[in-house]
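Build out the structure end to end from the sequences listed, making use of the hints.
Number of protein chains: 2
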Amino acid sequence: MRDIARHAGVSPMTVSRALREPAAVSEKMRAKVDAAVREFGYLPNRIAGSLSSSRSNVVGLIVPGIRNSLYAGMIQAVSEVLRANGMHLMIANSGHSLEDEEAAVAAFLGQRVCGLVLHNTTHSKRTREMLERSGVPVIETGNLPDDPIDMAVSYSNFEATRAMTLHLARLGHRKIGFVTLPLRDNDRSEERRRGYFAALRELGLPADDSLVLEAAGGFSEGADALVRLVNAHPDLDAGFFAGEVLAVGALFECQRRGWDVPGRIAIASYDDVDLLKHAVPSVTTLRIPRQEIGRRSAELLVQRLQGAPAERVKVDLGFEIVQREST
Amino acid sequence: MRDIARHAGVSPMTVSRALREPAAVSEKMRAKVDAAVREFGYLPNRIAGSLSSSRSNVVGLIVPGIRNSLYAGMIQAVSEVLRANGMHLMIANSGHSLEDEEAAVAAFLGQRVCGLVLHNTTHSKRTREMLERSGVPVIETGNLPDDPIDMAVSYSNFEATRAMTLHLARLGHRKIGFVTLPLRDNDRSEERRRGYFAALRELGLPADDSLVLEAAGGFSEGADALVRLVNAHPDLDAGFFAGEVLAVGALFECQRRGWDVPGRIAIASYDDVDLLKHAVPSVTTLRIPRQEIGRRSAELLVQRLQGAPAERVKVDLGFEIVQREST
DNA sequence: TTATAGGTTGGTAGCGATACCAAACGAAAC
DNA sequence: GTTTCGTTTGGTATCGCTACCAACCTATAA
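Residue numbers (the numbering used here), protein chains in the order written: chain B, 2 to 328; chain E, 2 to 328.
Please note: incorrect hints may appear among the correct ones.
Heads up, the list lumps identical chains together, so a pair's fine if it works in one copy or across two of them.
Derived SDA-like pairs (lysine to any residue); straight-line CA-CA distance at most 25 Å [to be verified]:
{"id": "1", "residue 1": "Lys315", "residue 2": "Asp186"}
{"id": "2", "residue 1": "Lys176", "residue 2": "Arg3"}
{"id": "3", "residue 1": "Lys126", "residue 2": "Val38"}
{"id": "4", "residue 1": "Lys278", "residue 2": "Asn69"}
{"id": "5", "residue 1": "Lys126", "residue 2": "Pro45"}
{"id": "6", "residue 1": "Lys29", "residue 2": "Asp186"}
{"id": "7", "residue 1": "Lys126", "residue 2": "Ala36"}
{"id": "8", "residue 1": "Lys126", "residue 2": "Ala37"}
{"id": "9", "residue 1": "Lys278", "residue 2": "Ser221"}
{"id": "10", "residue 1": "Lys278", "residue 2": "Val262"}
{"id": "11", "residue 1": "Lys176", "residue 2": "Arg21"}
{"id": "12", "residue 1": "Lys29", "residue 2": "Lys176"}
{"id": "13", "residue 1": "Lys126", "residue 2": "Gly87"}
{"id": "14", "residue 1": "Lys278", "residue 2": "Gln256"}
{"id": "15", "residue 1": "Lys126", "residue 2": "Tyr43"}
{"id": "16", "residue 1": "Lys278", "residue 2": "Asp261"}
{"id": "17", "residue 1": "Lys315", "residue 2": "Arg31"}
{"id": "18", "residue 1": "Lys176", "residue 2": "Phe198"}
{"id": "19", "residue 1": "Lys278", "residue 2": "Gly111"}
{"id": "20", "residue 1": "Lys126", "residue 2": "Lys278"}
{"id": "21", "residue 1": "Lys126", "residue 2": "Met2"}
{"id": "22", "residue 1": "Lys29", "residue 2": "His8"}
{"id": "23", "residue 1": "Lys315", "residue 2": "Ser125"}
In case anyone wonders, no lab produced these hints; they're calculated from the structure.
This structure is a prediction, so every number in the text was calculated from the model and none was measured.
Laid out in structure tokens, this is it:
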């Protein structure tokens, strides 16, 4: 920057200003600076800028698994909002482990991110301490926390699962199996299980533990879970899968066995991905506004950074049941 | 850090060393520092560290679309290798536009990333200039570039498409349609198209332009493309889709119309995602080592940062044909 | 003409770490 | 006891930028 200033015949201060708030600098100066910047292809060092101003323009995002296409829409939305505001995104993987989350939070705070989005609402003690002490705006998402650290943007896993279970009963299904993703260290899965049982109780249906199966999230696991459920309960008339891959895996299994869906068994899924809409038959599911969650999260962060008061915000973006051919 | 030093009764220099290279500090000092660090929950400011040492531990990754699950495996692999080496990942979206890529590169260089991975091998003039001048290690991927900026890790889109087309012919298919993703600003798509025609020429089959259809990457677009191809060429006996979503969209369309696959028409896809393996029938496809590409890219960057000589490396990780039920 | 204000420009002092060299220390050799 | 060498510790300058305030314009009003 010193060089640019020299070559433009102005002070470094003027260069800095011309780049950050062009309006505060006379047209003549701005032209000189711009010319020199272009000539030398100068790129301001944001590291130095951040250190000096103790402001940064990087937001950290921690997701349980980058690989999971579920988060892709949310990540994209966050990324877009940030970019529109001249900010950047760093991503880390917590792999469903609270320790890894803690490490990622520490690393991000060390990088002095200006905001954090955590796809998780239960944290280790040290994670909460670090976050609270840092004063960095935090968004929690993935579930609606009882005691948010700062801000939360999500939907209720409990209500969503409950609603779909009631929906299946309304369609006449009496024996509804539920296949959940692993429950360990995962409050979302736990909430969903609770929602399922709450619905059964309301319906006066027997809340049989053997109707719930835990499965890792692959196609074969979905197929396998379906088969095990049907073997244990030959009168099963609906399967509700807490993940689109599980559901489609089960659907494929039905195709292989020649079982009519929904004639022999109905299949319902979680999350509205394109695949479910185009599958044959198309699959009934819960639409979770993933992108909207990402968008709102980023917007709340941006607002806070632009001076909005630091108040605990809790946004429930809801969900929707999408009835299709499979139920 | 000054505070920590005071409370530990040592100099700031010793704190800095105790944190970065514990071996260079006596046990006594290290213990004092560690105690103070723990007591105050001190997190070193990496921004200041980077500025001072003019080293950073952040790698930038630019992909055409975060949303596309294709890149997810690669991103995950990059992320894991970096984390294992104490580094971090920033992600940006180029949305298939060279201007957006240029903006992202400028932003990342401004952030003084220590390495860059670009999922693209054609760039704007200014992008190349910036990268070359910056001296930052760069990996290009997604295709094998003729004139790499620095390092390249990929496979050959041309060879892969050619090989699958030859494979379909070997299975007895004579009239093979090809559905490509949009060609604009996308050298990968262009290479694939070339590979397809090269195979037809080798086979002595007529290279009919109307056998190639351009389609955006959705399920309906795949279904639609299949229908249009069959209408134009009633004797079409195979469809090769340059994207798994397109292929499965076409497969679903066959199911809806009751067309036997591969009896009435064979379907081949690009990229080996789980969906293709579990679909009914399972789909023949090209296995592209996406994860391996991510892993190698990150490893090459890490090696370079650890002092490996700055030589132009070009790694071809190849591909594999996965023959399944659909052909 | 001088005072006053508003708008620009420049100088100086950090931001919080690390690089580099000098000082202090301790152990081994004489 | 002194010298010497190697290791550990500390001081100072600096990384490249921005915050803050002082100095300087130019124009308008008194």
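Here's how the hints hold up against the structure:
Taking CA atoms no more than 25 Å apart as the test, Lys315 paired with Asp186 passes inside one copy only; the shortest distance there is 22 Å, against 42 Å between copies. Proximity of Lys176 and Arg3 under a CA criterion of 25 Å is satisfied in neither setting, with 75 Å inside one chain copy and 66 Å between copies. In this assembly of identical chains, the alpha carbons of Lys126 and Val38 lie at most 25 Å apart only when taken from different copies (17 Å versus 48 Å within one copy). With identical chains, the CA atoms of Lys278 and Asn69 are at most 25 Å apart both within one copy (19 Å) and between copies (17 Å).
For a Cα distance limit of 25 Å, the shortest separation of Lys126 from Pro45 across copies, 20 Å, qualifies, whereas the shortest one inside one copy, 39 Å, does not. For a Cα distance limit of 25 Å, the shortest separation of Lys29 from Asp186 qualifies neither inside one copy, at 60 Å, nor across copies, at 38 Å. In the homo-oligomer, the alpha carbons of Lys126 and Ala36 lie at most 25 Å apart only across protomers (19 Å), although the nearest pairing inside one protomer, at 53 Å, exceeds that limit. Only between protomers do Lys126 and Ala37 lie at most 25 Å apart by alpha-carbon distance; the minimum there is 19 Å, versus 51 Å within a single protomer.
Taking the shortest Cα distances, Lys278 and Ser221 sit within 25 Å of each other both inside one copy (20 Å) and across copies (10 Å). Proximity of Lys278 and Val262 under a CA criterion of 25 Å is satisfied in both settings, with 15 Å inside one chain copy and 21 Å between copies. Taking the closest pair of Cα atoms, Lys176 and Arg21 never come within 25 Å of each other, the shortest separation being 64 Å inside a single copy and 60 Å across copies. With identical chains, the CA atoms of Lys29 and Lys176 are never at most 25 Å apart, being 78 Å at best within one copy and 67 Å at best between copies.
In this assembly of identical chains, Lys126 and Gly87 lie within 25 Å of each other by CA distance solely across copies; the values are 23 Å between and 33 Å within a copy. Taking CA atoms no more than 25 Å apart as the test, Lys278 paired with Gln256 passes in both settings, with 17 Å inside one copy and 14 Å between copies. For the identical chains of this complex, Lys126 and Tyr43 are inter-copy neighbours only, at 16 Å across copies versus 44 Å inside a copy, given an alpha-carbon limit of 25 Å. In this assembly of identical chains, Lys278 and Asp261 lie within 25 Å of each other by CA distance both inside one copy and across copies; the values are 18 Å within and 22 Å between.
Taking the shortest Cα distances, Lys315 and Arg31 never come within 25 Å of each other, neither inside one copy (44 Å) nor across copies (43 Å). Taking identical chains as interchangeable, the C-alpha atoms of Lys176 and Phe198 lie at most 25 Å apart only when both belong to the same chain, with a minimum of 13 Å there against 55 Å between chains. Taking identical chains as interchangeable, the C-alpha atoms of Lys278 and Gly111 are never at most 25 Å apart, the minima being 43 Å within one chain and 42 Å between chains. In this assembly of identical chains, Lys126 and Lys278 lie within 25 Å of each other by CA distance neither inside one copy nor across copies; the values are 41 Å within and 42 Å between.
In this assembly of identical chains, the alpha carbons of Lys126 and Met2 lie at most 25 Å apart only when taken from different copies (24 Å versus 44 Å within one copy). Proximity of Lys29 to His8 under the C-alpha cut-off of 25 Å is restricted to the intra-copy arrangement: shortest distance 15 Å within a copy versus 52 Å between copies. For the homomeric pair Lys315 and Ser125, the shortest alpha-carbon distance inside one copy (21 Å) is at most 25 Å, but the shortest distance between copies (43 Å) is not.
In this structure, the hints that do not hold are numbers 2, 6, 11, 12, 17, 19, 20, in rising order.
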